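A.B. asks: Construct the entire structure; sequences and hints are all you get.
2 protein chains.
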Amino acid sequence: MHRKNAPIGVFDSGMGGLTVLKALQEALPHEEFIYIADSAHSPYGTKGAELVHQFSQNIANYFECHQVKAIVVACNTASAVLKQQPLQNIEAPVFEVITPTVKSVQGQHVGAIGTATTIGSGAYAKALQEAGKGLEWAKATPMLVPLVEEGLTTDPIADVLLKHYLADLPNTIDTLILGCTHYPMLKGNIQKLLPNVTLVDAADATAAAVKAFLVNTQMLTETTQGKATLFTTGDAKVFNQLQSLAGFTFGHAKKLDLISEAELSNEHDSNVAVIATA
Amino acid sequence: MHRKNAPIGVFDSGMGGLTVLKALQEALPHEEFIYIADSAHSPYGTKGAELVHQFSQNIANYFECHQVKAIVVACNTASAVLKQQPLQNIEAPVFEVITPTVKSVQGQHVGAIGTATTIGSGAYAKALQEAGKGLEWAKATPMLVPLVEEGLTTDPIADVLLKHYLADLPNTIDTLILGCTHYPMLKGNIQKLLPNVTLVDAADATAAAVKAFLVNTQMLTETTQGKATLFTTGDAKVFNQLQSLAGFTFGHAKKLDLISEAELSNEHDSNVAVIATA
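Protein chains in written order, with this note's numbering: chain Y, 1 to 278; chain Z, 1 to 278.
Rather than coming from a laboratory, the hints here were simulated on the basis of the structure. Be a bit skeptical, because a hint or two may be false.
Under the rule of at most 30 Å between Cα atoms (straight-line distance), these lysine-lysine pairs were calculated in the DSS-like manner [what the hints assert, rightly or not]:
| no. | chain 1 | residue 1 | chain 2 | residue 2 |
| --- | --- | --- | --- | --- |
| 1 | Y | K22 | Y | K4 |
| 2 | Y | K163 | Z | K163 |
| 3 | Z | K254 | Y | K139 |
| 4 | Z | K163 | Y | K126 |
The structure presented is a predicted model; accordingly, all values stated were derived computationally and were not measured.
C.D. replies: Next comes the structure, spelled out in structure tokens:
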């Protein structure tokens, strides 16, 4: 049984999930959040499903050790992977972003942009199908993450890149899923290019799903003060520059090292060479 | 004492270093090479110096265990970091790409492009200064790596991005250092935009430096057949797709897991939380 006043664990490959954390804090102002940015392995979108699963499992194990009352996968790539292959031995309820995002779609003609792994996984197509809708257009847009992380959302190059990726978007599309937690930072640019298209992202829908669960299970905190503690597996200084550049004000992230003994178990796989270095 | 017939270890954060491996194979057709792409942590350019040093040390430790006769750091970011803080406890001679690249510069008015970490390190400016030259213009160009890895070098968006980054290049510049091993794959595009500028990259200069060392120390192989074995710390399928997209024909890379006990030593750093996950 999880404690009501336990923290909620939130993770992403990097900074993008802060868009989800922000929505979670707005919806649940009294909860305590632990956010892990797996910046050492960022971006997830180009790494392939198996590796993303391993990274996600390591972080979930950390959260489980810290007895969080819920885990929010604030990353579309990890969500896509975990929908196909769930986390193992995790007792806390796990919330991914794809199901609530798809549930919030109102339109009938839906497109999606995301990382190569997210789009390649077909997770959005499948989730939309299960919701009785179809995915009529989808595109992997890998350069949008480095664009955002370089702080170029207001530079003319942002529109050039968006036009490049959206060039063949059918004009019948009425809803575009921003299938990466970085993309809400480009929402203004995309809306300007597509004034008649409804843009849907994961942040508010996911926060609403988590809130509904906590209310329904009577697990809303009673005593803790709302706060968020940020960790990064990468360089804390680099991460803090990034989040400041993007206008987030969560306070400084600290460095976190996750050591995976799971990697050692690969020793018996003949296709894998393993060495422990001194 | 290293064996003449031992392999040469070559590493990069990902696929870019294959441009250096190709030049090494051309210069040293009888040598055996082991190439490690640290794709699990790719790209290095956005990760910060401390982390890049840790990643590089782990790989160098692996090479040391395998008794390579030389280590080639086929990555500008890692080279920049290791010039400032050398690898520890490595007996094999280590070749970075910055020194030979700078030595091959003939012009007097030099510019450089590279990752944020490479440019931010000032390594090229320092190396040029030591060679009696100056670095008159330098720019971090983070989106060029995902551009190459997306296979867009022949797409019009490549020229748009290059024009964006090179917009303020002074017209007095006669030499531009392509300070990232991915950038030779954009050499044609850049040369077309800058027909009067000499483009300098790491591949041939580094291969020549390694060859000169092996000749001078009488360490050229006598018996081994030329070959290259590729490993990736990331997803082998993803890596092999990338190298095939870029036109490399080295054969399939295998998955390699590097476990670092060095990470555990961070346990005593009060700013670092460490957990071993099951």
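A.B. asks: Taking the hints in turn, state whether each one holds.
C.D. replies: Verification of the supplied hints:
no., hint, result
1, Y:K22 - Y:K4, "21 Å, holds"
2, Y:K163 - Z:K163, "17 Å, holds"
3, Z:K254 - Y:K139, "29 Å, holds"
4, Z:K163 - Y:K126, "40 Å, violated"
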